[in-house]
Every structure is written in structure tokens, then in C-alpha cells.
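Using the sequences provided together with the hints, build the complete structure.
Each chain, letter by letter, is given below.
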Amino acid sequence: MLATLIIVFREVLEAALIVSIVAAATKGVAGRGRWLTAGIVGGLAGASLVAVFASAISNSVEGTGQEIFNASVLFLAVIMLGWHNVWMGSHGRQLATEMKEVGHDVTVGTKPLYALAIVVGAAVMREGSEVVLFLNGIASGGVGNMSMLAGGLLGIVAGGALGLALYFGLLRLSLNMLFRVTGWMILLLAAGMAAQGAKFLVQGGFLPPMGGFMWNTSWLLSENSLIGQTLHTLVGYTARPLPVQAIFYVGTLVIIGGLMKIVGDGVSNKAKAQRAAAGQVAGD
Amino acid sequence: MLRSLSARTLLTATGIVALIFAAAAFQPARAADEMPTFEIHIKDHKFDPSNFEVPADTRMKLVVHNDDPTPEEFESHDLFLEKIIPGGGKGIMYVGPLEAGTYHFFGEFNEATAQGDLTAK
Numbered sequence: 001m002l003a004t005l006i007i008v009f010r011e012v013l014e015a016a017l018i019v020s021i022v023a024a025a026t027k028g029v030a031g032r033g034r035w036l037t038a039g040i041v042g043g044l045a046g047a048s049l050v051a052v053f054a055s056a057i058s059n060s061v062e063g064t065g066q067e068i069f070n071a072s073v074l075f076l077a078v079i080m081l082g083w084h085n086v087w088m089g090s091h092g093r094q095l096a097t098e099m100k101e102v103g104h105d106v107t108v109g110t111k112p113l114y115a116l117a118i119v120v121g122a123a124v125m126r127e128g129s130e131v132v133l134f135l136n137g138i139a140s141g142g143v144g145n146m147s148m149l150a151g152g153l154l155g156i157v158a159g160g161a162l163g164l165a166l167y168f169g170l171l172r173l174s175l176n177m178l179f180r181v182t183g184w185m186i187l188l189l190a191a192g193m194a195a196q197g198a199k200f201l202v203q204g205g206f207l208p209p210m211g212g213f214m215w216n217t218s219w220l221l222s223e224n225s226l227i228g229q230t231l232h233t234l235v236g237y238t239a240r241p242l243p244v245q246a247i248f249y250v251g252t253l254v255i256i257g258g259l260m261k262i263v264g265d266g267v268s269n270k271a272k273a274q275r276a277a278a279g280q281v282a283g284d
Numbered sequence: 001m002l003r004s005l006s007a008r009t010l011l012t013a014t015g016i017v018a019l020i021f022a023a024a025a026f027q028p029a030r031a032a033d034e035m036p037t038f039e040i041h042i043k044d045h046k047f048d049p050s051n052f053e054v055p056a057d058t059r060m061k062l063v064v065h066n067d068d069p070t071p072e073e074f075e076s077h078d079l080f081l082e083k084i085i086p087g088g089g090k091g092i093m094y095v096g097p098l099e100a101g102t103y104h105f106f107g108e109f110n111e112a113t114a115q116g117d118l119t120a121k
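The listed protein sequences correspond, in order, to chains A and B.
For reference, each letter of the first sequence is one residue, going 1 to 284 in the working numbering.
For reference, each letter of the second sequence is one residue, going 1 to 121 in the working numbering.
Heads up, some of the hints might be wrong.
Stated by the list, open to error - Derived, one-sided and incomplete: chain B residues facing chain A with beta-carbon distance under 8 Å:
{"id": "1", "residue": "T70"}
{"id": "2", "residue": "E73"}
{"id": "3", "residue": "H77"}
{"id": "4", "residue": "P86"}
{"id": "5", "residue": "G91"}
{"id": "6", "residue": "I92"}
{"id": "7", "residue": "M93"}
{"id": "8", "residue": "Y94"}
{"id": "9", "residue": "P97"}
{"id": "10", "residue": "E99"}
{"id": "11", "residue": "E108"}
{"id": "12", "residue": "E111"}
{"id": "13", "residue": "A112"}
What the hints assert, rightly or not - Only some residues are given here: those of chain B computed to face chain A with a beta carbon under 10 Å:
{"id": "14", "residue": "K61"}
{"id": "15", "residue": "I84"}
{"id": "16", "residue": "G89"}
{"id": "17", "residue": "L98"}
Derived by calculation from the structure, the hints in this document are not laboratory data.
Being a predicted model, the structure only gives us computed values, none of them experimental.
Ideal placement from N, C-alpha and C gives every residue a C-beta, glycine not left out.
Rendered as C-alpha cells:
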């Protein structure tokens, strides 16, 4: 039962951390509950579908369909996370100000909530399909496996609880801090996902590893440990990274970070220009 | 204007990802025919062979056959692999080039019995 609990907990943890960061990042935006729920429900439905078609996916593209599928889902999430961050770069300050003034949820029509719903759905689908396959394997084993199934359910609860802890921890931050912190977390999350996607492409033979492992810190922190796995999800920690992964990681940081800066600077320049124009009018 | 900018950035990001894929496609990461291939079978949640040698500094193909009716997640932190192998199915993975040494792999769904090592020489 304990073994089952740990396996399911590991799978659920990754999705739970991603969902909690996204939920915290959308605090105060009207309609976010609906989008987040849609993401989770859609993800669960997707997970069941993926589990049902696991053999078909696995056997496609000369036995490497699973790698293409995983990498595509990860890169889709990276793009959506990037888009959210770039959008926040231009609207974040205004959003925080409005929320403080109004004191309740504000409706921001253009906030790309669906982008984050897709991120949530993708995470739930990827990890959920593995849980479904695993639990289904146990269930088909016959009676006497009830304690293992119970372990699986406990694993889901434990993973979800850790996600909730992160969520409520983040909510203790002030609004400005919350947006800044979740912005950084989403940036690192996206970079880690890109590196993980690269790993799948190498495993499937679609990308060259571009050399051997760059270093090995598994003696210090194994990805198998709770801390190692949490850091793997949050910032993309990898005990033995491949050069091609480093390229994807840094590339994602530079592209999203650069776009955030360009868009953010554009906004503050515009604000400066407006202030200057106002000052001139007052001076006249 | 900002809205159109974010749409443009999305397009740019998508374009960059597409370019990376295109670059990857032109730089073959596998030349399937000359590549050494190693086959592993999973039976009763155990690997066969559970211990074997592979050439060092070579890119190779690993084919895992799951002869059990239940799915297994083939995983190795050392080799940097993770892949679900459906019951009765098989999975192909590309590995290496590896430095000489021993690399551990396991079946995450049946960790008690599904354990193995490969040694690169």
C-alpha cells in the first residue's frame, strides 16, 4: 500500500504544483475558477483518453509516439506560460492597481485565462494518464488489491494537499509581490518544461544529445527524492543534464524574459510619456 | 496595440519552436540502420536480461518488450529515460553515447522486482 501511495503521490505532485502556481497567478481575476476547473476536468478526461489509447500512441511513429506526444504537450504548455508572462508584463501593474482600488475580483477581458487553463489541462493530462494506467493495472490484478488502490487514493490526496499548501503560502504575499513571484515561478517552470521536452525528443531519437551529461549531482540531490522532484518541477532541476537540454532551458529563459522586458519597457515608456505630456499641460 | 503585440509574440515563439524542430529534423539524431540494438523483455515484473553490457561512447537503440499484461513505466535516472510500456507492447528508446560505467534502470510500477543494470564498456 505504501509503495502504491508513493508512486501515485509522485505523479500527482508535479501536476498539483503546476496547478497551484497557476491558480495563485490568477488571483483576483473574475472567472478564473471556471477556467481552472475547465482545465482540470479537461485534463482528467484527456488523461483517461490517453490511458485508453496508450498502446496506439506508444506504437505510432516507429514506437516513439509517446515521446512526440509528451514533448508536444510540454512545448504547448511552455508557449502558453510564456504568453501569460508577456501579457502580465504589459498589464500586471494595472491589474494590481485596479484590484486594490476595487477591493474585489476585477474583470479583465483580455487576460489570457484560457492559456493557463491549457497549461493546467496539459499537466493534469500528462501525469493523470500515468496514474490511470498504473491504477488500472492494479485493479485488473484482481481482489486483494484493495489496500493498494487505497494507497493510490491516499497518494492523490497527499499530492493535492502539498499543492494546496503551496497555493495558500503564495496567497499570503501582497498583490504586487504575488504577481512578481508567480511571474518568476512561471518563467522557471516554462524553462524546466522546455528542457524536459528536449529530453523526450532525445529519448525518441529526434534530437541529438549534443554530447554526454554535463555534470552529475545525483550524489548531492537525487531527482528521486521529494526535494529533488519538487525542484525538478519548479525550476527544472536535473541531476544529469544533457547539453541540448541546457540550450532549451536557457533559450526559453532568454526568449520569454526578453519579450517580457520589451513589452514591459514599452508600457513604462508610454506611462512616462503620458506623465510628461500631463506635466507639460499643467506647466502651460 | 499591445493586444496585437502579444499575438505577434505568440506567433514568434511558435515560429522559433518550429525552427528548432526543423533544425533537429535536418540533423539526424539516429541513423537507425547502423545503430546497435539491445532488446529487454519484461516478464513477471522482472527484466530479462537484467544485467548486460553495451559499447561505451556509442549511440544505441533500446527496445523494451513488455510480455506482462500490465503496463510498466521503464525508468532510469542514470540513463535519463522514462517511458510507459503498455501491457503486451514494446517501447523504443535511444540511448547514449555513454561514458564507461554502470547505469541502473527500473520499472517504476513494480520497483520491488523490476530492477536492472547495464554496463558500458
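Here's how the hints hold up against the structure:
At its closest, the beta carbon of B:T70 sits 4 Å from a beta carbon of chain A; the interface hint therefore holds under the 8 Å criterion. Satisfaction of the interface hint for B:E73 is found here, the shortest Cβ-Cβ separation to chain A being roughly 7 Å, below the 8 Å cut-off. At its closest, the beta carbon of B:H77 sits 6 Å from a beta carbon of chain A; the interface hint therefore holds under the 8 Å criterion. A least Cβ separation of about 4 Å between B:P86 and chain A falls short of the 8 Å threshold, and the interface hint therefore holds.
Evaluation of the B:G91 hint against chain A yields a held restraint, the C-beta minimum of about 6 Å falling below 8 Å. Restraint check, B:I92 versus chain A: the minimum CB separation of about 4 Å is within 8 Å; hint holds. About 5 Å separates the beta-carbon of B:M93 from the nearest beta-carbon of chain A, less than 8 Å, and the hint is met. The closest approach between the C-beta of B:Y94 and any C-beta of chain A is roughly 4 Å, which is under the 8 Å cut-off, so the hint is satisfied.
Interface restraint check: B:P97 against chain A, minimum CB-CB distance 6 Å, threshold 8 Å, status holds. The beta carbon of B:E99 is positioned within 8 Å of a beta carbon in chain A (closest approach about 6 Å), and the interface hint is therefore held. The interface hint given for B:E108 holds, since its Cβ lies 6 Å from the closest Cβ of chain A, which is under the 8 Å cut-off. Interface hint status for B:E111: upheld, as the beta-carbon distance to the closest one in chain A is roughly 7 Å, under 8 Å.
Because the beta carbon of B:A112 sits about 7 Å from the nearest beta carbon in chain A, less than 8 Å, this interface hint is met. Taken as an interface hint, B:K61 checks out: its beta carbon lies about 8 Å from the nearest beta carbon of chain A, inside 10 Å. Interface hint status for B:I84: upheld, as the beta-carbon distance to the closest one in chain A is roughly 6 Å, under 10 Å. This hint holds: B:G89 has a C-beta 5 Å from the nearest C-beta of chain A, less than the 10 Å allowed.
The closest approach between the C-beta of B:L98 and any C-beta of chain A is roughly 7 Å, which is under the 10 Å cut-off, so the hint is satisfied.
Hint check: no violations occur; every hint is consistent with the structure.
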